[in-house]
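S.K.: Line by line, the protein sequences give chains A and B. To convert, note that position 48 of the first sequence is 48 in the numbering used here; the numbers rise steadily by one, no gaps. To convert, note that position 349 of the second sequence is 1349 in the numbering used here; the numbers rise steadily by one, no gaps.
Source of the hints: derived by calculation from the structure; they are not laboratory data. Note that the Cβ used here is the ideal one computed from N, Cα and C, for glycine as well. Treat the hints with caution; some may be incorrect.
[As the list claims (entries may be wrong)] Negatives, chain A to chain B, calculated, CB over 12 Å:
#1 D9
#2 L39
#3 M59
#4 T63
[What the hints assert, rightly or not] If you only want the chain A side, here are some residues facing chain B, beta carbon under 7 Å, derived:
#5 I20
#6 S86
#7 V104
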Amino acid sequence: MAKTIMIVDDSASLRQVVSIALKGAGYATIEASDGQDALAKMGGEKIHLIISDVNMPNMDGITFLKEVKKHPSYKFTPVIMLTTESQEGKKAEGQAAGAKAWVVKPFQPQQMLAAVAKLVLP
Amino acid sequence: MNDTTLTLPVPDALPTRTSLTSSRLPTVIGLVGGGLILAFSGMSIGGTAAAMFMVSSGIASGRWCERTSNMAIERIRQLEAESARAEQTSQEGLSELCLCTLPIWRRHIESARGHTEEAVAELTGRFGTLVQRLDTTVATSRRATENGSIVGIFERSDCTLQEVVDSLRTTQQGRMGMLEEVRALTAYNDELKRMAGDVVKIAEQTNLLALNASIEAARAGDAGRGFAVVAEEVRKLSRLSRETADRMTGKVNGINAAIGQTFSVAEQAADKDAAVLNRSDAAIREVLGGFGRVVEELRHSAAVMQDEGSGIRQEIEEMLVALQFQDRTSQILAQVYGNIGELEEVIGRLAADEAAIAAIDVSAWLQRMEQSYAMLEQRLNHSGTSDCSRVESNEITFF
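One chain only, chain A, in its complex shape:
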């Protein structure tokens, strides 16, 4: 049974790039265009890891991360922030909100997969 990873990014092309890399490594993926969309799609399904952008419309990545950590079913789901944002202040904000890793775009698929393999729930 393939492990499921949710990809949250307002850029459709970025979602596809991440999805292709993950599917190539044998993971199943769920895509969402922002935090609100992601919360709506989380409906009880087992999610082994979340990869989220930071700057998104409707609900940004940090707010979404905080919502995930309040969710009874997903509060232990590891979250990787995948963003163009490289400021230390933002990283600290992500860490404080409960992110497990901070990946700066553009990313190398192999490095991303290594981070996913390290953090994905068993």
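Given chain A, work out where chain B should sit, using these hints.
M.R.: Here is chain B on its own, set in the frame of chain A:
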């Protein structure tokens, strides 16, 4: 670059207000000069005339200068009014220009951003499909060369056919063994023939003995008559024994001939079988050798295809990495789009209220811009102090 006011040029050739005080100077000079002439001429007629001329010339010059000055002042006022009107018109025109062009620029930016996003998303999707199809092809090829596939089937067929050939060869060897056993039977026949010969000799001896007995019985007369009968019977038995031995010899010879013929036929058949078996073995070896080469080529081409597939997949992945530029471009354009919107709003306020220009804090504006950046690239672009083409990447921080 913090200067937000506009200044219109003033012509250098125009007189200034301070220079207009000199218009009274000829009158004063005329009066002073006339007074001095009167004082030094001692009120003579010539002196008085000269003084009056000096005074009148001064007054005339003064009036001319005053008139000229007034005209210049009027002209300056006109120019100042025109300049003010031009400045106001210019500000209004600039505001109008901005209010008209900024929304157009925003639409262009949004349109370009949308097109790029759409095109890159489609491109990424197509690359994704290519990767999936490539994975499927490589997986199919890999399965074809794994055990249980065509290669496995070939290897098992090779073993099975070899077993069949070995089995046929064993059968042939068994048949040859059986023929050797049959050949051994002829030795028993020779023995039987010798035994039949012995029987013939015994029969001859018995016949001779019976003949002697008959002679002796005849010599004995009546007393030997019974013995003569017995001797005659013994002679008959001797003859029958010989005849039986002769028939046995004939039969044995017949059997020998039959065995010899059978053996010869079987031997020829065995030779043919061996030849057929050898040809079959050679044919099987040749066919399997051909298949083996085909399978080896298949295995090689599958390995090449898998390697090429992996290489192409890697190339596509790198191209997909390169396509991530779109996300960065989109963020930069989105920031510029928002910033132009804010500028448009400010210019709208300026057009409605000229005093609002004083409320613009350029430093705060630039600071807000800087805070709205997400990427190092944007900040470098903003400051213009470093290489703007440098892009941070491959950075992973684990918490």
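S.K.: Work down the list of hints and note, for each, if the structure agrees.
M.R.: Against the structure, the hints:
Non-interface call for A:D9 relative to chain B: violated, since the shortest CB-CB distance, roughly 8 Å, does not exceed 12 Å. Distance check for A:L39 against chain B: the nearest CB is about 22 Å away, which clears 12 Å, and the non-interface claim stands. For A:M59, the requirement that its beta carbon stay farther than 12 Å from each beta carbon of chain B is met, with the minimum near 16 Å. Every Cβ of chain B is farther than 12 Å from the Cβ of A:T63; the closest lies at roughly 16 Å, confirming the non-interface assignment.
Hint status for A:I20: holds, given a least beta-carbon distance of 4 Å to chain B, under 7 Å. Interface restraint check for A:S86: the shortest CB-CB distance to chain B comes to about 5 Å, inside 7 Å, so the restraint holds. A cut of 7 Å between beta carbons decides the hint on A:V104: the least distance to chain B is about 4 Å, and the hint holds.
Against the hints set out earlier in the document, a violation occurs for number 1 only.
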